[in-house]
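2 protein chains.
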Amino acid sequence: MKTLADLGEKEVVSLLLQGVRTTVAVGPGDDAAAIDLGDRYLVVSTDIITRSSHMPDGMTDWQVGWFAAAVNFSDIAAMGARPIGLVMAYTLPRDMPFNRLESISQGVNDCCQAVGADLLGGDTKEGTGIVLAGTALGLVDKDKILLRRGAREGDMVAVTGPLGLSAAGYEAIRNGIEDPRAVRALLEPQPRTAEGMVLAASGQVTSCMDITDGLAYSIGELSRQSGAGFEVIWENIPVGEGVREVSRKSGVPLEDLVLHFGGDYELLFTFSPQAATPLQKALEGRMHIIGQVKGSENIMIVDGRAVPLDTRGYEHFRR
Amino acid sequence: MKTLADLGEKEVVSLLLQGVRTTVAVGPGDDAAAIDLGDRYLVVSTDIITRSSHMPDGMTDWQVGWFAAAVNFSDIAAMGARPIGLVMAYTLPRDMPFNRLESISQGVNDCCQAVGADLLGGDTKEGTGIVLAGTALGLVDKDKILLRRGAREGDMVAVTGPLGLSAAGYEAIRNGIEDPRAVRALLEPQPRTAEGMVLAASGQVTSCMDITDGLAYSIGELSRQSGAGFEVIWENIPVGEGVREVSRKSGVPLEDLVLHFGGDYELLFTFSPQAATPLQKALEGRMHIIGQVKGSENIMIVDGRAVPLDTRGYEHFRR
Chain A
1 MKTLADLGEK EVVSLLLQGV RTTVAVGPGD DAAAIDLGDR YLVVSTDIIT
51 RSSHMPDGMT DWQVGWFAAA VNFSDIAAMG ARPIGLVMAY TLPRDMPFNR
101 LESISQGVND CCQAVGADLL GGDTKEGTGI VLAGTALGLV DKDKILLRRG
151 AREGDMVAVT GPLGLSAAGY EAIRNGIEDP RAVRALLEPQ PRTAEGMVLA
201 ASGQVTSCMD ITDGLAYSIG ELSRQSGAGF EVIWENIPVG EGVREVSRKS
251 GVPLEDLVLH FGGDYELLFT FSPQAATPLQ KALEGRMHII GQVKGSENIM
301 IVDGRAVPLD TRGYEHFRR
Chain B
1 MKTLADLGEK EVVSLLLQGV RTTVAVGPGD DAAAIDLGDR YLVVSTDIIT
51 RSSHMPDGMT DWQVGWFAAA VNFSDIAAMG ARPIGLVMAY TLPRDMPFNR
101 LESISQGVND CCQAVGADLL GGDTKEGTGI VLAGTALGLV DKDKILLRRG
151 AREGDMVAVT GPLGLSAAGY EAIRNGIEDP RAVRALLEPQ PRTAEGMVLA
201 ASGQVTSCMD ITDGLAYSIG ELSRQSGAGF EVIWENIPVG EGVREVSRKS
251 GVPLEDLVLH FGGDYELLFT FSPQAATPLQ KALEGRMHII GQVKGSENIM
301 IVDGRAVPLD TRGYEHFRR
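Quick mapping for you: the protein sequence lines, in order, are chains A and B. If you count by my numbering, then the first sequence holds residues 1 to 319, one letter each, in order. If you count by my numbering, then the second sequence holds residues 1 to 319, one letter each, in order.
Derived by calculation from the structure, the hints in this document are not laboratory data. Take these hints with a grain of salt, some might be off.
Heads up, the list lumps identical chains together, so a pair's fine if it works in one copy or across two of them.
[Said to hold, decoys possible] Calculated cross-link-like contacts (lysine to any residue; reagent style SDA-like; alpha-carbon spacing at most 25 Å):
no.: 1; residue 1: LYS2; residue 2: PHE98
no.: 2; residue 1: LYS294; residue 2: ARG312
no.: 3; residue 1: LYS144; residue 2: ARG40
no.: 4; residue 1: LYS144; residue 2: ILE289
no.: 5; residue 1: LYS294; residue 2: ARG149
no.: 6; residue 1: LYS142; residue 2: LEU37
no.: 7; residue 1: LYS142; residue 2: SER202
no.: 8; residue 1: LYS10; residue 2: HIS260
no.: 9; residue 1: LYS142; residue 2: PRO278
no.: 10; residue 1: LYS125; residue 2: THR3
no.: 11; residue 1: LYS125; residue 2: ARG51
no.: 12; residue 1: LYS249; residue 2: GLY176
no.: 13; residue 1: LYS10; residue 2: PHE98
no.: 14; residue 1: LYS144; residue 2: ASP36
no.: 15; residue 1: LYS10; residue 2: LYS125
no.: 16; residue 1: LYS10; residue 2: ARG149
no.: 17; residue 1: LYS144; residue 2: LYS281
no.: 18; residue 1: LYS125; residue 2: ARG94
Could you put together the complete structure from these sequences and hints?
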């Protein structure tokens, strides 16, 4: 019998979903599920995080709480929904000082306030390690929801902000490189809920997701779900400040930091070319066009030459 | 600095909530939170469970999944809401065989189908132990929601079914007593969502909660939140079949099994006396009147004599 490590997270989830009968409007497979409430969709996403496996050692308790909330709101942002609430369930060691839990909870609270959502409640139970399981809720008009499918030949491809900062933060910590900005990007991701709502309100966006698992993987996902190829121009991808320097100092290739590491939580989206100007304006500069939807393969243009884009992402469980 | 064990779960949650600013209609403190959707409330509850701490050893994987879903739906039932969906997040050891996860997931699925809710999605991450964090969603008309506050002098007090079976199941396993029915009650709790919806639809119920933490604790909660005393008649409390025998064989007092252990997941509720007959009819016999709301103290009448009711419940973290 195969173990979870043999299969990897994505195959595990895919196999599990085969057995699920569901009547929801937008099922598992997007960043979040959507439930039909008549005029609107209720968007729901859950993410579970263990302190030991999924977070760098130097993280403060406040950052742990912020992070756990932020990754959930990022999924709400990816669907273009307005975040309305969050529940957070914890397992915690019994010998944990209460002020540590207070700091974690403050981080959760502050992230909720930053995106305009209510902390609705939670659950705390005893456990051997620190585990945080958040569930975020959002609302979006039915005709405005953003999905992973829908990108069409000729659409433009854009991201909401510079990439590679989280990866640079990770490599900075690992290699003892001084770069507080990158480390902060890694430990305090900013969910792009405001940008997601702008994209949804525009009615011009044909597909969208967040870049949690890296730009390359995300492009692979939009491509697979839309049934269309993506052509990305390497030189047009916005690179976070200081990322080149961390690449040079750490010896990690820039394309690994920018394309494959993930953790940036910007949004990747597609739209028809005539929407470019209004979208640029609505996003107040938080839009960087990186390519177009074209053909059936995913390729990257580097220095004028086309190379295939490796769209594999990071997976849990995998050896 | 005090640890979580020094404070106990209830004090921990209470202290954490002091820092939360929230605009939700029904905040933390009830079985679930309620968000105002205009005509209806969206009811949300989250529960986190670790395989090692919160579940008996003999439990099958299917039962683990069922249990994790059921405890969440029980909170939805307590608010009188129609369950609409569930998300379930897991941490799992990497060497776990996939068919074990399939069985857990099947249990989750089957519980969703039993209450008529959709499995909306989930998250799986690597962890050292098995942790399941579920979040259940429900909808209820705004004027029909059931809350813990609202019991009034003169109201009657009732439960939806016999008590003590889960406790008997626990003691049966611990003492090697043969009682498959009780063990099944412990491992496969039935969320009373149908009963909760009937109680809400009646418009006659003044307060309600589930009996997760034992009847005595639940009475203390309704009493505290309603600002009224409860008088319960011991002989009127319905006792599950076989519970007396397990008490005798195990030496655990019957009142401990029936009043203090919890895990029964029946509903405790109050209503004005004139609603007794229509409620009995609507619940098709699943209603047992156990006392009345009276005075300011919580007391139990045993054999015609009044004794104070000990309303402390089980707490996580506590030494």
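How the hints compare with the structure:
1. LYS2 x PHE98: between (41 Å within a copy, 6 Å between copies)
2. LYS294 x ARG312: The answer is within: 20 Å in one copy meets 25 Å, while 66 Å across copies does not.
3. LYS144 x ARG40: both (9 Å within a copy, 22 Å between copies)
4. LYS144 x ILE289: The answer is within: 22 Å in one copy meets 25 Å, while 50 Å across copies does not.
5. LYS294 x ARG149: within (15 Å within a copy, 60 Å between copies)
6. LYS142 x LEU37: Both: 9 Å inside a chain and 15 Å across chains, each within 25 Å.
7. LYS142 x SER202: within (13 Å within a copy, 32 Å between copies)
8. LYS10 x HIS260: within (16 Å within a copy, 44 Å between copies)
9. LYS142 x PRO278: Only inside one copy: LYS142 and PRO278 sit 22 Å apart there, 40 Å across copies, limit 25 Å.
10. LYS125 x THR3: between (28 Å within a copy, 14 Å between copies)
11. LYS125 x ARG51: This pair counts as both: shortest intra-copy Cα distance 15 Å, inter-copy 12 Å.
12. LYS249 x GLY176: within (10 Å within a copy, 64 Å between copies)
13. LYS10 x PHE98: This pair counts as between: shortest inter-copy Cα distance 13 Å, intra-copy 36 Å.
14. LYS144 x ASP36: The answer is both: 13 Å in one copy and 21 Å across copies each meet 25 Å.
15. LYS10 x LYS125: Cα proximity of LYS10 and LYS125: across copies only (11 Å, versus 28 Å in one copy).
16. LYS10 x ARG149: within (18 Å within a copy, 45 Å between copies)
17. LYS144 x LYS281: within (19 Å within a copy, 45 Å between copies)
18. LYS125 x ARG94: both (9 Å within a copy, 23 Å between copies)
Violation of the numbered hints given earlier is absent; every hint is satisfied by the structure.
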